[in-house]
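Number of protein chains: 2
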Amino acid sequence: MPDHLHNDDLPLRLGVDHHANVIQELLGELHASFSGVREGRVADYIPELAKACPDDFGIVIATSGGRIYEIGDTRKEFTIQSISKPFIYALALKTLSFDFMASKIDVEPSGEAFNAISLDPESGKPRNPMINAGAIAASAQICDADPSGALDRLLDYFESLAGRRLTINEDVYRSEKETGHRNRAIGHLLRNFNIIESDPEPALDLYFRQCAISVTCRDLAVMAATLACQGRNPFTGGQPLSHDITVRVLALMGTCGMYDFAGQWLHDVGIPAKSGVAGGVLAVIPGRLGIATYSPPLDNFGNSVRGVAVCRQLSVGVGLSLFNQYSQADATIRRSYQGSQRKSRRWRSDRELEILTPHRDKVRIIHVQGVLDFAGIEQLASELVLLSNDVRILILDLAHVTECPMESFDLLDRQLCSLEGNGVEILLSRAGRLPLVSKPDWAITDRIDAYEHLDSALEAAEDLLLSWFDPQAAAGDPDRGDDLGEQGFLAPLSEEHRRILVDRMVRRAFVAGDFVIRRGDPGDELFLVRSGSFDIALDIKTGDGQCHSTRLATFGPGLCFGEIGFVAQTPRTAHIIATRPGECWVLHRSDFEALSASHPAVVIALLKALTCDIGAKLSQTSVQLTLMEHY
Amino acid sequence: MPDHLHNDDLPLRLGVDHHANVIQELLGELHASFSGVREGRVADYIPELAKACPDDFGIVIATSGGRIYEIGDTRKEFTIQSISKPFIYALALKTLSFDFMASKIDVEPSGEAFNAISLDPESGKPRNPMINAGAIAASAQICDADPSGALDRLLDYFESLAGRRLTINEDVYRSEKETGHRNRAIGHLLRNFNIIESDPEPALDLYFRQCAISVTCRDLAVMAATLACQGRNPFTGGQPLSHDITVRVLALMGTCGMYDFAGQWLHDVGIPAKSGVAGGVLAVIPGRLGIATYSPPLDNFGNSVRGVAVCRQLSVGVGLSLFNQYSQADATIRRSYQGSQRKSRRWRSDRELEILTPHRDKVRIIHVQGVLDFAGIEQLASELVLLSNDVRILILDLAHVTECPMESFDLLDRQLCSLEGNGVEILLSRAGRLPLVSKPDWAITDRIDAYEHLDSALEAAEDLLLSWFDPQAAAGDPDRGDDLGEQGFLAPLSEEHRRILVDRMVRRAFVAGDFVIRRGDPGDELFLVRSGSFDIALDIKTGDGQCHSTRLATFGPGLCFGEIGFVAQTPRTAHIIATRPGECWVLHRSDFEALSASHPAVVIALLKALTCDIGAKLSQTSVQLTLMEHY
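Same order as they appear, the protein sequences are chains A and B. According to the numbering used here, the first sequence is numbered sequentially starting from 1. According to the numbering used here, the second sequence is numbered sequentially starting from 1.
Simulated from the structure, these hints should not be mistaken for laboratory data. Keep in mind that a hint or two might mislead.
Cut-off 25 Å, straight-line C-alpha distance, at most; resulting in silico cross-link-like pairs (SDA-like, lysine to any residue) [said to hold, decoys possible]:
(1) Lys-76(A) / Arg-165(A)
(2) Lys-94(B) / Gln-264(A)
(3) Lys-94(A) / Gly-149(A)
(4) Lys-617(A) / Gly-523(B)
(5) Lys-617(B) / Pro-522(A)
(6) Lys-617(A) / Asp-521(B)
(7) Lys-617(A) / Gln-569(B)
(8) Lys-94(A) / Glu-201(A)
(9) Lys-51(B) / Asp-171(B)
(10) Lys-177(A) / Ala-52(A)
(11) Lys-76(A) / Glu-201(A)
(12) Lys-617(B) / Arg-346(A)
With the rest of the complex left out, here is chain A (with noise of 0.2 Å):
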């Protein structure tokens, strides 16, 4: 026990109110390390970008799960400049299709500078779409499309993107209007190849006006995680971006975003980015981080210097390359256990486990996790095609998948499908995360069992295997056992302790939906059920902060439930509600305390009756929970 923490100041804790968080730590020591760094010079071919100050330096992270972390000038406002070409692209894909824009801007790395002319010398195709003749060539497409409502449109894209309303800042845009004679000159230039079909000037002023669009570094974060997250951005939750177009952009600025310099920036750093001339910098790490720099000192590309030394630092020092991904080998089966290892809730009478025992194994369970992308997908069926051919029933577990794209749910449904055609039986649980209802024509859902909960999954299973295994119980006989001694918990007593016992209980029938125990009840009599089914429900408080009602345990035909208050004298900790209609004989205490003086005997018998069968509830569960923790 460390000092501070001896019992005198035990109930304390240091007065911390949050741990420190190892990751904004990392990026103090980030900004520490590169704010001294003096070179670089700001942008200044107009007089407002030269006004920026070249000590201002923030960096942010915002994470795929929503999270951001931020350091030094991180909400100070500058002009996006060429970060906004990569979204200005998206959005043409978006209003267009692929096909029109392939025919109007070629995606190869020009090797060039940002302003180079840099078009094919027979259609007039600019090189790609990160740099100026490209991105110009984008607009003036957004334009096209519609003509007076284009910039409404591109500010409300950019709100969706950031997060925020975003404005233009008008001096900057003025000025690079009045200054923008080499930008001019391409927009007539495609103008003259057609890849421009109108007037450019519009065009040339959309371009203008949404390079003075003012960002905070914040903003460009955001914007990067929701590139991160395929177009969906993680602190809104809405979805500027498809899927498709985000993977096309992200590619586009691996290969073209950082200016001539970017063979050796995917080589050397490995992160799709793109920076500004007013010294922002946007890069992405797909599934994982968005980041953004912000500091105006540019270097001889025109990249920020800091901006690039801080990606290149979390691309060694911490890994964060497009070509350093760990091995993700079989995670995606969470657990995968034989049916003999897990139980359902519905305590079995000795006759029906004598049925299920050697035939447990013939189900299987199976904990998927994660996203089922190509590779989660071939994991999973690497598991389903080594299953035994004992093995006639399927529990797929799917509470932990996180996504299911379509392409791989195809595969998904096949692989189901083939299995079900050879002559497993499939039990979907907590399947809310599949894509079964954007397409109904899925084979899965036609064909297949899905259950809410696994446990009503595992029911199902042990109904099944009883159904094939003893065509007898399944077909369930309501009003067997009339006779207390067939009861299976009272199977060990003598025929006379029976008789006895029987002539001290009632016999009292339920309707599904009654509470036979409410929680808080006194504990005063003892159920022994004689045909129906009752759920013990517990309001249970998961990590989320949520309660659920969630079954502890059923009990059927030959059980007996309230043993623990009965005997305790204690008030009952749980309702027990009736599922479907039945009648129990119940044995209250006053007749039990008089059993206990006039016939000890049958007292004892009982009691021990009680102790073997809660004993072997106990084993049981036990032998589960240890299981669990195993997988």
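Guided by the hints, dock chain B onto chain A, whose structure is given.
The following block gives chain B in isolation, referenced to the frame of chain A:
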């Protein structure tokens, strides 16, 4: 129930040996859809290559989990040709330093054909290692480092990559050597620039030999999987390449692997790949899959036509692009819950429970899984910093961590030490995958307790709480409880009943390691613990088919065990072992039976106590099991 499952034919499943695997089916469909492609021409610059059959077509996928899917001509040998280049560069990096190699070869996409003499006009450095000039330069460095041993070294290296000994096709080698005038020119030009610092002929000879290494499509897939697993061969377990080198090589394959097709390739396909003029293509999905195809007809870039088509289809059809990474948001936290939701297997006396119950939520249990890379640590850190100020003990279960790279382990170490500095005791459970051993100066190792089982960590946490909140209990007093009346379990009995019982019981002492009960023993004794500690140990067969001896429960002073066999008169189902020296009160069944006749009220009271005791344990265990399902 489907038709074929009627009861008659139940015991048999339809004679299927293995279920069809949908990934294998997909491969078959890919093969079928491209085997009809007739474009492209077989390379014919040397006669041996011209002999290749244009119809040969094989596809292999090798997974990071060590599984292989193959279809078509996957076992036919052909020469590796340029696919050797990334591996030769990697060998050069392995043999020499990164800095040295950077002085010899650039890493920029050349935008030129594979055999272009693409050297920097000033330094003479080849543009990248994926063109002939770069590969000859790399071979020369390997050759220079060990002129006589280079070839053996190279073949050993390829053996570790492919998992089998590869040989050189002597015909191809001689033919390439005889006709390789252009490559010879490149070699001498490199000598001229002093990129090659000695006679270029041995380097050229090594180059011609390495291009003539004979491989199958399957070999290439294993080599690709080795790159996918950061240099670890998932089939042999060997580590031919370091993590750092593999990342570099994949980046190069991404930008320069498919000749001047590179930018478009990364944009359209997004898979690091390398092709060879004999018809092979090797492609890597980092962290996931190696892919290889063999089909000799080449397109104008020198890439196999069908190979390119397969890669394109895998990228577009099933989403295997580098830029298509699904959000792994918060996949690292497997479960996280409060201490009140999970108790150790040590059954606690009523007195201990009274102390523990109000303080249990001072413990937090977090189960972590998968790869603890930067994003994983970030997720964990964000969970840890939100710990309530009440939390005084953190149990971090790492059983499902698959990997923890050094650079992120450093962050984990810092995060945990920072928590500890704030007064949180940290108990690690099942931390085997942490690189604790490799760097003994981690703060974690010194200051934080590590447990082999979660259960032991839970018990340690409870013991800590007891030591903090009830120093008397913590001090321990082996001689307390001399009077049976103080034993928690019999507390409900009247003093007279206890006295009657004590008269029938004997005290028995055990040393640590003693078997108190052996599985199979007759159940004729009931034990009440006076002092010491006793474990129920069960051999549990888990999913991996292994038997694990696991403790099902532990009993300390005041608790009773052995009751189920005793009451049910059945043989013991598990061992009970003394883990510390101690004593029990023992009641033999003959005395119990005698008591039933002479003092039924005592027996009834004892059985009631047993029922309550087991009932309470059953409730707790059932709730635990239910909670486990919710996390």
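Going down the list of hints, with the structure as the test:
1. Distance restraint check for Lys-76(A) and Arg-165(A): the Cα-Cα separation of roughly 15 Å lies within the 25 Å cut-off, and the hinted pair is therefore satisfied.
2. The suggested pairing of Lys-94(B) with Gln-264(A) holds, with an alpha-carbon distance near 20 Å, which does not exceed 25 Å.
3. Restraint check: the Cα-Cα separation between Lys-94(A) and Gly-149(A) comes to about 15 Å, which is no more than 25 Å; the hinted pair holds.
4. Between Lys-617(A) and Gly-523(B) the CA atoms are separated by roughly 18 Å; this keeps the pair inside 25 Å, and the hint holds.
5. Distance check on the hinted pair: Lys-617(B) and Pro-522(A) sit about 20 Å apart at the alpha-carbon level, within 25 Å; holds.
6. Taking the CA atoms of Lys-617(A) and Asp-521(B), the gap is near 21 Å; set against the 25 Å cutoff, the hint holds.
7. Using a Cα cut-off of 25 Å, the hinted pair Lys-617(A) and Gln-569(B) holds, with the two alpha carbons roughly 17 Å apart.
8. For the hint linking Lys-94(A) to Glu-201(A), the alpha-carbon distance of about 23 Å falls within 25 Å, and the restraint holds.
9. Using a Cα cut-off of 25 Å, the hinted pair Lys-51(B) and Asp-171(B) holds, with the two alpha carbons roughly 12 Å apart.
10. At most 25 Å may separate the alpha-carbon atoms for a hinted pair to count; Lys-177(A) and Ala-52(A) meet this at roughly 19 Å.
11. Restraint check: the Cα-Cα separation between Lys-76(A) and Glu-201(A) comes to about 31 Å, which exceeds 25 Å; the hinted pair is violated.
12. Between the alpha carbons of Lys-617(B) and Arg-346(A) the distance comes to roughly 18 Å, so the proposed pair stays at or under 25 Å and holds.
Hint violations for this structure: number 11 only, all remaining hints satisfied.
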